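Going by the UniProt record's numbering, the residue at position 123 of the sequence shown is 123; the numbering climbs one at a time, nothing skipped.
Rather than coming from a laboratory, the hints here were simulated on the basis of the structure.
Quick caveat: nothing in here was measured; it's all calculated off a predicted structure.
Quick reminder that beta carbons are idealized off the backbone N, C-alpha and C, glycines included.
Be careful, since some hints might not be right.
To be verified - Derived DSS-like pairs (lysine-lysine); straight-line CA-CA distance at most 30 Å:
hint, residue 1, residue 2
1, K124, K166
2, K200, K171
3, K240, K171
To be verified - Distance windows between CB atoms, simulated:
hint, residue 1, residue 2, range
4, G58, K124, 20 to 26 Å
5, F120, D224, 30 to 36 Å
6, E263, P350, 29 to 35 Å
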Amino acid sequence: MMSSKTESHEEFGSKLGSIVTNGFTCISIAMGAEVGLFDVLADCKEPKTSQELAQISGMKERYIREWLGAMVTAGMVDIDSSGERFSLPAHRIPYLTRNGSNNIYTVYGKILANVTKNAFYKVKDCFPEDGPAGTSYSDYQGKFEITSEAVAAWARDHLVYNFLVKFPVLKNQLENGISVLDVGCGMGLTTLAMARAFPKSKFYGVDFVDINFLTAKQEAELEDLTNCEFFAHDVEELPKEWTGRFDFIFMCNVLHDLAHPVECLKEMKRVLTPGGRMTVVDMNTHSAIKDNLHEVPCARFAYAASLLACLPLSLGVEGGAGLGAACGKEKFIELLNTAGFIVEETDVTPGSNSVRRHFHCILK
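Whenever a hint applies, use it, and build me the whole structure from the sequences.
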């Protein structure tokens, strides 16, 4: 990163202009993803005019044409020599389409649009000393459905076949049959993926409200997946009868959001069997800002998203820790150690585009 001591007036102006312009482009990408125009383009066998895309999609041509202008000038969509026909090159499809295997950044664009719409001015009000401590989940309508999309491709393509197989002992246990708790399961995508892959094991998805996993319950019934169940519980206070019940605990993109992370982790320790294991997957950052300046691809996203959602949601709860999405590797290890865990391995999580880091733990 260029030092401010060597950066010229013009260089900074160019950098600022690029950042702001990219912000507008990000919102346009989110719009295309939300209305499904990238998927429409991906399904076309040959370049199409804006009128043809309107007929195919059932949308208004004028809006499509303006969106295409934003996408062509940003290098997302191609335009032919006539200037009238548009296409989505094959190598971009996995990044931009709804079920694309590398669509995490497109989903992040949708998250940006959502949290900006819902929370920008609420978070602004939190800055003054006499302002609110934070926000509440009711301030983020639709956010958690979008957030689940950020893990969907990874849960489908990588969780079982590229990630859990990294741990041979755990893989063998899952194949032979153990009891697994998926903490903060959200829409249940990771719970279902594991239940499908390991029919001899029993999976319990838990989240703070049942509306999050209602679709997952219905999907499990349709697929006749009898080895998974879903429960609504405060993850800081699980049922007393769950003491020593689970052989493996999985937690994905949850720890940094918690208001009382140590209390939650101590609860995880209580419900683990002796010799049980826990894997935490979270954002791949360092804890100190200075350590995120280089070679941390998700740092800017983590801080910005955290400012609008993760941080104020945690601080909005009495005694909230306010870890934030960029809580970082060093702080995560400290929290896990404090709660009674030993981190056996921490590394960049396979299939996550270097956005996530995992912590594979055993009890002290």
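Structure-based check of all given hints:
Of the pairs offered as hints, the one joining K124 and K166 is violated, with about 43 Å between alpha carbons and a cut-off of 30 Å exceeded. Using a Cα cut-off of 30 Å, the hinted pair K200 and K171 holds, with the two alpha carbons roughly 12 Å apart. With a C-alpha separation of about 28 Å, the suggested pair K240 and K171 falls inside the 30 Å cut-off, and the hint holds. Separated by about 38 Å at the C-beta atoms, G58 and K124 break the suggested range of 20 to 26 Å.
The hinted window of 30 to 36 Å between F120 and D224 is violated, with their beta carbons roughly 44 Å apart. A beta carbon spacing of about 30 Å between E263 and P350 agrees with the range 29 to 35 Å that was offered as a hint.
Of the numbered hints listed earlier, those contradicted by the structure are 1, 4 and 5.
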